[in-house]
Amino acid sequence: MQAQKHILVVDNDAERRQQLATVLAFVGEQFQVLCEAEIEQHLAETPNILTIILCGDISAKLQNLIKANPTYPFVYHDILDKKQVNGYANVIGELTTPLNYAQLTQLVHHSHQYHNNLPNKRDITRSSALFRSLVGVSAPMQQVRFLIEQVASTAANVLILGESGTGKEVVARNIHNLSDRRKGPFVPVNCGAIPAELLESELFGHEKGAFTGAISMRKGRFELAEGGTLFLDEIGDMPQPMQVKLLRVLQERTFERVGGAKSIKANVRIVAATHQHLEEMIKSNQFREDLYYRLNVFPIETPALRERKEDIPLLLQELLTRYSSEQGQSVRFTEQAIASLQEHPWPGNVRELSNLIERMIIMYGEQVVNVGQLPLKYQHLDVDEQAIEYPEEIQEREAINELFAGFDYDDEDDTQTNTEHELTTSATNSNSAVDILPHQGLNLKEYLAELEVALITQALHKNDWVVARSAELLGMRRTTLVEKMRKYNLQKDA
Numbered sequence: 001m002q003a004q005k006h007i008l009v010v011d012n013d014a015e016r017r018q019q020l021a022t023v024l025a026f027v028g029e030q031f032q033v034l035c036e037a038e039i040e041q042h043l044a045e046t047p048n049i050l051t052i053i054l055c056g057d058i059s060a061k062l063q064n065l066i067k068a069n070p071t072y073p074f075v076y077h078d079i080l081d082k083k084q085v086n087g088y089a090n091v092i093g094e095l096t097t098p099l100n101y102a103q104l105t106q107l108v109h110h111s112h113q114y115h116n117n118l119p120n121k122r123d124i125t126r127s128s129a130l131f132r133s134l135v136g137v138s139a140p141m142q143q144v145r146f147l148i149e150q151v152a153s154t155a156a157n158v159l160i161l162g163e164s165g166t167g168k169e170v171v172a173r174n175i176h177n178l179s180d181r182r183k184g185p186f187v188p189v190n191c192g193a194i195p196a197e198l199l200e201s202e203l204f205g206h207e208k209g210a211f212t213g214a215i216s217m218r219k220g221r222f223e224l225a226e227g228g229t230l231f232l233d234e235i236g237d238m239p240q241p242m243q244v245k246l247l248r249v250l251q252e253r254t255f256e257r258v259g260g261a262k263s264i265k266a267n268v269r270i271v272a273a274t275h276q277h278l279e280e281m282i283k284s285n286q287f288r289e290d291l292y293y294r295l296n297v298f299p300i301e302t303p304a305l306r307e308r309k310e311d312i313p314l315l316l317q318e319l320l321t322r323y324s325s326e327q328g329q330s331v332r333f334t335e336q337a338i339a340s341l342q343e344h345p346w347p348g349n350v351r352e353l354s355n356l357i358e359r360m361i362i363m364y365g366e367q368v369v370n371v372g373q374l375p376l377k378y379q380h381l382d383v384d385e386q387a388i389e390y391p392e393e394i395q396e397r398e399a400i401n402e403l404f405a406g407f408d409y410d411d412e413d414d415t416q417t418n419t420e421h422e423l424t425t426s427a428t429n430s431n432s433a434v435d436i437l438p439h440q441g442l443n444l445k446e447y448l449a450e451l452e453v454a455l456i457t458q459a460l461h462k463n464d465w466v467v468a469r470s471a472e473l474l475g476m477r478r479t480t481l482v483e484k485m486r487k488y489n490l491q492k493d494a
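Residue numbering for the sequence shown is 1 to 494, as defined by the numbering used here.
It is possible that some hints are incorrect.
As the list claims (entries may be wrong) - Pairwise CB distance ranges (calculated):
hint	residue 1	residue 2	range
1	112	377	26 to 34 Å
2	325	164	35 to 43 Å
3	247	48	48 to 56 Å
4	38	325	19 to 27 Å
5	213	112	48 to 56 Å
6	193	28	41 to 49 Å
7	70	277	40 to 48 Å
8	208	377	49 to 57 Å
9	377	260	48 to 56 Å
Bear in mind the hints are in silico, worked out from the structure with no lab data behind them.
All C-beta atoms in this analysis are idealised placements derived from N, C-alpha and C, irrespective of residue type, glycine included.
Sequences and hints are given; from them, build the entire structure.
Structure, rendered in structure tokens:
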């Protein structure tokens, strides 16, 4: 059995190395930490590496290391100058501060994708783009990626089959981006969205005066896709008269504009897609059999989301990252909520999942979504809301970095604040710790929660319940304060 790949941390700062080691151990990943002087010997002796994290100053030696090892994905953390890692195809991301479970999970995911792509790679940059857009580690998705890589460099027509919302256009775009035609245009046409009487003009263009309203010559999609790829989506909805004309173009590679007599060469690659069962349509004379076999040179079937439920957590993370980048807002899903989503049949597939995330962002922006916050049809688990706890990394990071950081104790009239300040100050003094710890002991978690509620409430009252100013006073992010207010059900008195 092949040994599990591990994460390699290269850092000359011993304290930072230890911090990273603590987080990686908590996440449960195999790892090893070492200084720059030890890296070359380690690579020679232990090549089974998932990814290499470079920290601090990226020396010329480490830059040469990146260049010399294109089969290893690199990640940087807390470096002095990002220009030191720009331009390298195998530098796949950055670990920001504070470290958290989500970004480490994403790092591991992208690192595995990078390695999975290496056996068939012709261009690391292009292949990495393929894996980022086709999220999933399930067997069906690995098969889709394999087929894309096999057919991309050929001139074969491709027929993409699958239910609505499974990402057929994403597959088509990746075929184009990995092909020799990638510098040419990618032109999509939805054959079901264009009226039958206009589809011919849309595909082949028309000459001036060809019909009423044709006041000038217009190029069609075939001409616009010259040298590139024409994506015919929902090909099953194409009317039979147009099927005959399309078949002629595929056979002869020439066409005429509507109202024209000049033959125009069609230097395009055809990728078609449909959610319909074309073989059944052939039996009922709704689709031409000869066109079907012209298009179906290389079929690729996109799996339904219910057939790859293990990919749902990765899809959630990827879609949340995109929405956060585009809209500046996001949400968090509890493990129970994710488990409930994995029980859903997803008739709308990835498109349905994307729409659900957008709805959750609108309703619960920057908050934690549990089963109870999901729409009723997605609630497939019975969960006690009172029993839900924050993920361990949120508890630890926020308790340490935010609860006791940045408080303002200058208000001498606030007796309770001064009292809490004295307690926390005395708790740091080993000689007086016995004075605040009861002989019978205490429940530290409940005590910290009560203290947290008291400090948050004071900050909100001081700032007339303006969350942004209260968060600044408490030394935490506004979104974190909103989550805590919801967690403790803190509301302004009417």
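Status of the hints after comparison with the structure:
Here the CB-CB span from residue 112 to residue 377 is close to 32 Å, well matched to the stated 26 to 34 Å. Range check, residue 325 to residue 164: about 26 Å between beta-carbon atoms, so the 35 to 43 Å window is missed. In this structure the hint that residue 247 and residue 48 lie 48 to 56 Å apart at CB holds, the actual value being about 52 Å. Evaluation of the 19 to 27 Å hint for residue 38 and residue 325 yields a failure: the beta carbon distance comes to about 37 Å.
Between residue 213 and residue 112, the C-beta spacing of about 54 Å keeps the proposed range 48 to 56 Å intact. A C-beta distance of roughly 47 Å is found between residue 193 and residue 28, which places it inside the suggested range of 41 to 49 Å. Hint check: residue 70 to residue 277, Cβ distance near 43 Å, so the stated range 40 to 48 Å holds. As the Cβ distance of residue 208 to residue 377 is approximately 53 Å, the hint placing it in 49 to 57 Å holds.
For the hinted restraint 48 to 56 Å between residue 377 and residue 260, the CB-CB distance of approximately 53 Å keeps it satisfied.
This entry does not satisfy hints 2 and 4, going by the numbered hints stated previously.
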